[in-house]
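Engineer: Let's have the full structure, built from the sequences with the hints guiding it.
Counting with my numbering, you get residues 625 to 741 for the letters of the sequence shown.
Heads up, some of the hints might be wrong.
[Said to hold, decoys possible] Simulated crosslink set (SDA-like; lysine to any residue; CA at most 20 Å straight-line):
| id | residue 1 | residue 2 |
| --- | --- | --- |
| 1 | Lys723 | Glu692 |
| 2 | Lys660 | Asp676 |
| 3 | Lys651 | Ala639 |
| 4 | Lys664 | Asp676 |
Hints are computed from structural coordinates only; laboratory data are not their basis.
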Amino acid sequence: MDDMITSIITQLVYAAITFAMGYSWNKSRSLAAIQKNMEKGIGLLLRRELHDYHKIAKRRGYLTYREERDAEEIYSVYAGLNMNGYGTTLITEIRKFPKKEVSENAKMVTRDIPKTC
Numbered sequence: 625m626d627d628m629i630t631s632i633i634t635q636l637v638y639a640a641i642t643f644a645m646g647y648s649w650n651k652s653r654s655l656a657a658i659q660k661n662m663e664k665g666i667g668l669l670l671r672r673e674l675h676d677y678h679k680i681a682k683r684r685g686y687l688t689y690r691e692e693r694d695a696e697e698i699y700s701v702y703a704g705l706n707m708n709g710y711g712t713t714l715i716t717e718i719r720k721f722p723k724k725e726v727s728e729n730a731k732m733v734t735r736d737i738p739k740t741c
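Structural biologist: Below is the structure:
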């Protein structure tokens, strides 16, 4: 009788451990997939931001120093997610645009922009 109870308890413990390990492994895979999708989504949003800065620079013909700094910060996070490619092309082109600094009192200070006068 004791052997039967011991055998049943052993089987129940084994089944519980197997279930817990299977559940944990499945949950871990699910969380990893969610994490991967979140990183991909964030990367796409960051690339969109870079594209917007590029579009602004192309339309105006220049970027402010602040816009360039923001684009560089966005790109560093983007590259940290191992999402290079189009974003690298965008930041390379963004770096080539002339820069302007707008001062507090609305005077425009320029650098890298040729004077036409």
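Engineer: Decide, hint by hint, whether the structure agrees.
Structural biologist: Hint by hint, here is what the structure shows:
1. For the suggested pair Lys723 and Glu692, the alpha carbons sit about 8 Å apart, so the restraint of at most 20 Å is met.
2. For the proposed pair Lys660 and Asp676, the alpha carbon gap of about 25 Å is over 20 Å, so the pair is violated.
3. For the suggested pair Lys651 and Ala639, the alpha carbons sit about 18 Å apart, so the restraint of at most 20 Å is met.
4. Between the alpha carbons of Lys664 and Asp676 the distance comes to roughly 18 Å, so the proposed pair stays at or under 20 Å and holds.
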